[in-house]
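Now for the letters of each chain:
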Amino acid sequence: MVTTQEKKTEEKWGMVIDVDKCIGCQACVVACQSENNIPVNEEEHFNQRRPIQWIRVERYWEGEFPDVKARFIPIMCQHCDNAPCEPVCPVFATYHNSQGLNVQVYNRCIGTRFCANNCPYHVRFFNFWEPSWPESLKNQLNPDVTVRSRGIMEKCTFCIQRIRRTERESGRDGNELKDGDRALNTACVNACPTDTLVFGDFNNPESRVSKLRKKEMDDHHGRGYKMLDELGTSPNVIYLKKVDKEAKESSTH
Amino acid sequence: MQEHTQLTQRQINEDLLDTVLSTPRWWLPATLVAILVFLIGASAFGYMLNKGVGVTGLNRPVFWGFFMVNFVFWIGISHAGIMISAILRLTQAEWRRPVTRAAEVMTVFSLMSALMAAPLVHVGRPWRADLWVFPYDFARGIWVNIRSPFIWDPSAVMTYLTASTLFVLVCLIPDLAVIRDRTKGWVRAIYSILSLGFRGTPRQWKLQTVAGILLSALVLPVFVSVHSIVSWDFAAQIGPEAWHSTIFAPYFIIGAIHSGVSAVATLMVIMMWVFKWDKYITRDHLDSIARLLIIVATTWFFFFFLEWVFALYTLEDPEIAMRDLQVFQWPWSGMFIVFLITAYFFPVPMWLFKKVRRSLFWMFVTTIAVNIGMWLERFLIIVPGLMRRGHFIFDWGSYHPSIIEILMVAATFAWVILGMLLFTKVFPLIPLFDVKEGMVFRDEIKIGRRTIPASIRE
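Those protein sequences? They're chains A and B, same order as listed. Take 1 as the starting number for the first sequence in my numbering and just add one per residue. Take 1 as the starting number for the second sequence in my numbering and just add one per residue.
Hints are computed from structural coordinates only; laboratory data are not their basis. Since the model is a prediction, treat every value here as computed from it, not as a measurement. Don't be surprised by glycine CBs; every beta carbon is placed ideally from N, CA and C. A couple of the hints might just be wrong.
[As the list claims (entries may be wrong)] Which chain B residues stay away from chain A? Per the calculated CB distances, all over 12 Å, these:
{"id": "1", "residue": "Gln237"}
{"id": "2", "residue": "Thr282"}
{"id": "3", "residue": "Ile320"}
{"id": "4", "residue": "Met350"}
{"id": "5", "residue": "Lys354"}
{"id": "6", "residue": "Glu437"}
[Stated by the list, open to error] Partner residues are not named here, just some residues of chain B that face chain A (Cβ under 7 Å, in silico):
{"id": "7", "residue": "Ile35"}
{"id": "8", "residue": "Arg60"}
{"id": "9", "residue": "Phe150"}
[Unchecked claim] Listed next, the stretches of chain B that the computed footprint assigns to chain A, with coverage defined by at least 3 CB atoms under 8 Å from CB atoms of chain A:
{"id": "10", "region": "111–125"}
{"id": "11", "region": "391–405"}
With the hints as constraints, model all of the structure from the sequences given.
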């Protein structure tokens, strides 16, 4: 570590996703694929039900034609504080780091797929095949990210390589980490055209995610919710529900 | 109760050592077939090592499939040994005598098969699985995660394997001495090393008996722990919510006993057919084991019913979704019906008839049916459980095994058969000393007008 300054508190990275703003353009998916050296998901992979998408935009249809509504929800690793994937790994290949990230150590992983079974969000991916890229894409691989071999699990890292690089550079230059810094933000956040995804530090009360959490997780007025909250995983991703004008007004919410 | 044919010790030796001292004609072809099937499976494993786990039918969200089903299945079969040799030994059920060793040997080989099915071929990087199953590299300060059921699991299975192997070996010593005395040359040298200088002195007999009883008592906790831990592979998860149930441990244990004891009955019939040992394993023995099976099967069915009640009582969506898959969705519904019929509704009413209990053919059919049913039970728990027809419609998926998986699973079956065949060639499958001991216990002497047993029990 080259950090020169003393940190008061460690960061706790998290994300706020405003489902109301999502237009389902899949730009985040593409950005994630290229940032994190994820092999190209061809038709064959989808037919085998083995695509690797660290972030995916799930599309749900509502209503009957012609009254059809498409609803989109981007889903990635929720970086749960109480992650079900962590205790089941026999070799500590997945664990929680001090910054609230659920990290995957590729070298330790032996591929029991236990974590993937135990993940309620279906966001862990197994390398069923050796990853491969077409010749034309070989030079686009990100040198900061490991290419995972077959037989191991992988998942969203909140672009830990970008966090680490920014930390390193800010430590070198003596700057503080800036909230909303494009170099710090994850690839999906940078790519989102509608500002659906917001990334930041929950331990910094001035960050956008903290403010959004304070405002939206309010029981009475907020739109915020955590996915599958009833399972007690306490995710670090907060979703803001769609504003539905046709929905009946309820007195409490 | 039982019909007794008195046999001389010489006759017992001749009959039971027949397979060891001379080779039956079918033995070589049968062994070759088993080796061939095993090698085909091993090649399939090699292909999977080369290409990746993609050659199986596994996908997202069904990350566990055939391998895990067969892991649970083989651990279930392995419960035969402990049931027959430990529990029946401690409860002094006389009819156990001729089948103890066959059951224990099947236990050992099916545990090996289970270890082959789950940690070895199941993981993504098998060449690293040794870091997890075997004591870890503490020198580098890397510890295994003892919170994971996948650490409890190999520990339990390895304990069981060690205990069963010791049990087989301790019970073999007197018989090995008999073989030593009947062979010549280098064969004799090997058997004399294996028999550890057993000469049949009272002290040696005492030590051997005490060791047997101690081992069977010590192995009893394993009886409860192994399959409980196997069930926690599933029950400790919250992802597939339908698995998250406290009844899983006892339900799995009783299921294991059901399939294990049925497998022993199948084995008894095969031994009677193949080796013509009907003087030693009689229809009385079959009758006894079938009566035991009625109790075991009915207890299992009670737990099966309870598990359903537990699930339906909560009325939670994921539970209902899995039950819906199991009962109403093709092809699981078809399997479910076959499972119910073969695991309970066909065999148990059949066993109520004395004719069935004493018929080799029908006992064979019913006990094989039980194991088909119990295999399907594990399949129906694991695959529809993982399909998770719950929250994310986007991620619904199904599973069917690939030919590679089927070949590897066939290899685990071949391994058990091969192991049994090799064992019968080298060691007697019916314990000579145990049968003789049983006869001594049956001897009665007359003192005045009273008839009393010639010897008292251990």
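A quick look at each hint next to the structure:
no., hint, result
1, Gln237, "violated, 5 Å"
2, Thr282, "holds, 46 Å"
3, Ile320, "holds, 16 Å"
4, Met350, "holds, 38 Å"
5, Lys354, "holds, 47 Å"
6, Glu437, "holds, 44 Å"
7, Ile35, "violated, 29 Å"
8, Arg60, "holds, 6 Å"
9, Phe150, "holds, 4 Å"
10, 111–125, "holds (count 4)"
11, 391–405, "holds (count 6)"
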